[in-house]
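Assemble the whole structure, with the sequences as input and the hints as a guide.
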Amino acid sequence: MIDVKNLSKNYGSFEAVKDVSFFIDKGEVVGFLGPNAAGKTTTMRILTCFMPATQGSVSVAGFDVFENAMSVKKRVGYLPEHPPLYQEMTVESYLSFVGKIKGLSGKNLNMKLDRVLERTSTDEVRSSLIAKLSKGYKQRVGLAQALIHDPEVLVLDEPTVGLDPKQIIEVRELIKELGEDHTIILSTHILPEVSATCGRVIIINKGRIVAEDSPENLTRGLEGQERIEIEVDGPSKKVLETLSKIKGVLDVIIDGDGTDKRYKIELEKDPEVRKAIAASVVNNGWGLIEMKSSGLSLEEIFLQLTTEEEGDA
Amino acid sequence: MKNSYYIYMRELRSYFVSPIAYVVIALFLAISGIFFYLLLQSFIQMSFRMMMQAQQFQMQVPAMNINQMVIRSLFLNMSIITLFMLPMITMKLFSEEKRSGTIELLFTSPITNWEIVIGKFFAALTVYAAMISGTLSYVSVLFIYGNPELMPVISGYIGLMLMGAMTVAIGGLISALTENQIIAAVGCFGTMMILWFVGFASNFVGPELGALIKYLSVMEHFTDFAKGVIDSSHMVFYLSFAFFSLFLTYQAVESTKWRG
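As given, the protein sequences belong to chains A and B, one line each in that order.
For the first sequence, the working numbering begins at 648 and goes up steadily by one.
For the second sequence, the working numbering begins at 14 and goes up steadily by one.
FYI, nobody ran anything at the bench for these hints, they're computed from the structure.
Errors might be hidden in some of the hints.
From the derived model, a few chain B residues whose C-beta atoms are all more than 10 Å from chain A [what the hints assert, rightly or not]:
#1 I57
#2 M65
#3 A76
#4 N160
#5 E162
#6 M174
#7 Q194
#8 V199
#9 V211
#10 P220
#11 D237
#12 V242
#13 F257
#14 A265
Now the stretches of chain B that chain A is said to cover, found in silico as 3 or more residues with beta-carbon under 8 Å [as the list claims (entries may be wrong)]:
#15 27-40
#16 116-124
Under 10 Å between C-beta atoms, here's a sample of chain A residues computed to sit facing chain B [claimed, not checked]:
#17 V723
#18 L732
#19 F744
Backbone N, C-alpha and C fix where the C-beta goes; we use that ideal spot for every residue, glycine too.
In structure tokens, the structure reads:
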């Protein structure tokens, strides 16, 4: 559905996106994750034909964004970071205008307008001025604007930014619901959002893709590392020292919940290492109360990936 | 072209739901109304004086030309006032969309940049037409109480529309170059002032350069219209300036995409 090949974009001498390639299948919901200024918005703007790429090719729904921009635009709904709202219009007249420039007319337009108002729960504000709406409603009207022509592909740039927790949940629900019959690519720098809504994550940093997988896989492990949590009854200083010396253990930290008994251990992905940890605890005569594997949280992976990159550069 | 119409309608509506159009039109009508009153007043005083003199010396009352004395001056005045008013109409055309981000909606919708440029141009031109059509009431007073010639009035309005089309196109162009509405307004105003004053400069330079500079002066081309002469060379001047500016506006809009 969306096929990006070796995409690069320069602003003058600044390279915003460097040689990015990815493929998104029909019906997928993909999260585009990265810190601010990572190149998310730039990539999305290229996907939506807002600006051309410096290099590489992008095709959406089988059409090249440069050669067949009109066909792409008809099939893509785009919610920019700041919803493109005309403050002086009412919700209804605004959506009707958007519908018209997207190529709808007559009965079809009215039908789609009603449907989209209902779908984004903006029906009750249909005759209010956009300037008077709350942030949450503005965001919904922005979503409605992207949906009105029933596009195959939805591109949402930080759809939940600036909303309160309740609204965030509502918008996420809506995105999930839309994901059933749309291909969606959404960007965010908020991690739980990705695990809440997306089937696949593309992590981008400084214009490059640093990881690409499902949120589960990303959380499960990373480049042959895993993490376990253990609870040991014994002198914490000594335990720490002993555990750190075991071959295959990369890092041990005391989990600060006050008891000084819980440790987080990062280790190589190898069952032998776990066995060695258990054995050394028992051999030292300490009590092994608990041992469980814990996935890296998405935040940690994200930080790791994005800071590693920095180290390389 | 249907898309141009949608852009046009939205733009036009936005003028009339915000106070801009009303304030600009009201100001314009007030200022041109004052000029009209003063012109008419001096015409009436002069007529009385002439009649008194005629009576005194037992002569025929000489013919007074209301077209020359009132209508022509009124059009010349109006043409200058519009130069001050139009930047306020055109300043928001593109800069507002850029600032608020709505340009992203237009650029990612299946419409061409020409459709955007044309729609916006005609919306601003319509506001301008509404503005100058208010002055029809002044002119109609003259037709009710006197019998001026119709032709100079028609040509005057044609001239105002042509000059307005040129100014709107230039204002739109400058608005497409900036996100800042004040810069857009000042830029358009400055450009129009230069194109106005440049006429005076023609007296101080050599004959060849002088002729060229004179040709560039907006006012120079308007005087014939105010006199009642519709000269195609003046029409060509205004229209070619307008088309050229629209073409540049299109290029400016297109280039915002590339510059990002």
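- Task: Run the structure past the numbered hints and jot down the numbers of the failing ones, going up.
- Result: none
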